[in-house]
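> Fit chain B to the known structure of chain A by using the hints.
Residues per chain, in single letters:
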Amino acid sequence: MIYFDNAATSGKKPQSVIDAVGFALKNLSANPGRSGHDLSVKTADEVYKVRSKISDFFGCGGAENVIFTLNCTHSINLVLKGVLKRGDHIVVSSLEHNAVMRPLKKMGISFSQANVSENTDQTVQNFKNAIKPNTRLIFTSAASNVTGQIVPIGELGKICKERGVRFGVDAAQIAGVLPIDMQKMNIDYLCIAPHKSLYAPMGIGVLICRKPLENTVIEGGTGTDSLDFIQPRILPEGFESGTINVPAVMGVGAGVDFVNKMGILNIYKHEFKLLEMLYSGLSQNSNILLYTKPPKVYETAPVLPFNFKGCESFKTAEFLNRRGIAVRAGLHCAPTAHKCINTLPDGAVRVSFGVFNQPSEVGALLRLFKDEKFVKKLQKTY
Amino acid sequence: MKRYLIQVGTVTYAIKGRDLLRRKGFKVKIERKSGEKTYGCGYAISLEGDKSEAVELLRDSGVKILDITEIN
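In order, the protein sequences belong to chains A and B.
Using the numbering used here, the first residue of the first sequence is number 749, and each one after it goes up by one.
Using the numbering used here, the first residue of the second sequence is number 2, and each one after it goes up by one.
Lysine-lysine pairs mimicking DSBU-like chemistry, simulated, CA-CA at most 30 angstroms apart:
no., chain 1, residue 1, chain 2, residue 2
1, A, Lys790, B, Lys34
2, A, Lys932, B, Lys25
3, B, Lys65, A, Lys829
4, A, Lys833, B, Lys65
Derived by calculation from the structure, the hints in this document are not laboratory data.
Because the structure is a prediction, the values reported are computed rather than measured.
Same shape as in the complex, but just chain A (with noise of 0.2 angstroms):
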C-alpha cells in the first residue's frame, strides 16, 4: 500500500518506537506516581525522561511543564477550558479544526475568526483587528489540515505579548515537521499529537503549557493530597488523572529520538520536495482542481488537497484504495478551512507526506491520474 494519509496518523512507525513500544510493555508495567516500589520509580524516572525530551524539543523551560493527554483534542479541549470563562472573548484562525470549533459553541464562548492570508503581514494584521479589550486567548493552528498552509505563530506570539494575550497552538501537523520553541515564540500552551509527525503511537496526546490552566477537563485521582476531595492543579499531574499510557509515553521519547536524528529541517525538505512532485504534476493534469497556490518552502506544510472533476472526493479515494493508495477524502473535521478554498459541502482529496513516502509513489499516483482505465472508471461517476 501506498500511504498518503499521514495527517490523520503516520501509517508506518520507525523501528526504534515500536522497540521502545514493546520495552515499556515487558518492563515497564508499573504504575508511576502512585507506588513506592521500585519499579514504580523506575517507570516514574521512564515517564520523566520523555518529558525532559519534550520540554528540550519544543523549548518549553521544564519537564513539568509537559502533560500527557489521551491525544490532541483533549489537549485543545483543556486549554480552552482551563484558560476561557464566560464572558471571555478568542480570536482563532479561518482554518480551525473541529477540535476548536466545537467546544467554542459548547460553551458558549464569543470568538472572532482571523482570516489566515497568503500574505503574513496582511494575517497578522487581520489577527491583531480581531482582539478586543475582553479577549483572553488566540489559538490557532500552527498549519491547517486541509490546505498545508502554515500560520505566522511567531509573529503572532509577538502580538501576544506585546498586548497581554495568552497563547494558544495546535501543532498537530507541525510538530515534527518544522522546528518549534515555546519560548522564543511566546506560546503559553502547545498541542500536540506525537503519533502524527512525532512517529509514535495512537492513543496519546501531548500538552505544554507555560502558563496555568485554570480547570481541569477529568477529575480523578493524580497519585498526590488524596486526602483532599479537591482536585490538584499542579502541573502535570494535575491535569492527568488516572493511569497515563506509559507504552505510548515511551513511544513518544522514541519519536522524538528519532527525528532528532534524521534532523527535523531534514525531514521538512524530503516532505516538501514531495509536496512540489505532487503540485506540479497534478497542475498538468486537466482532470485534477487545485484549490492552493503552488508550495512555498516554510510557508505550506506537507498537505494538499484536490479533486478530479466532476468526481466526489470520497469517491475519488475509494478508487484510489482499490488501486492500493490510501488518502482522505471529504472535510477533514475542519469546515471552517474548506469554506475557505471552497470545497464545502463535499470536500476535497487530501493527499499527506510522512517522512517514509518516496517520489516514486508520487510518481505513481500521478501515472494513475493519467491511466486512460482509471480516468474513465472515475468519469462514469459524473
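Just chain B now, with coordinates in the frame of chain A:
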C-alpha cells in the same frame, strides 16, 4: 553526615529535584514517605549533606517543598 527527607508535591518534582541535586554533587535518591506527616504524593528526596544549600537550589528551580524531616 545528616540525612533528610524532603517531601515534594508530585513524583515529577521529586525526580526533577533529585536530578538537580545529583548534578550538583549531592547524594540523593527518591523514597516514598509513610506515616502521619505525609503530604502530596508521599514522594520525597532523600538527601545526605548540606540541607540549606539543597533547599535553596530546589526553591530556585521551582520545586515546592512540603516538609523536611531529619532522619536519624
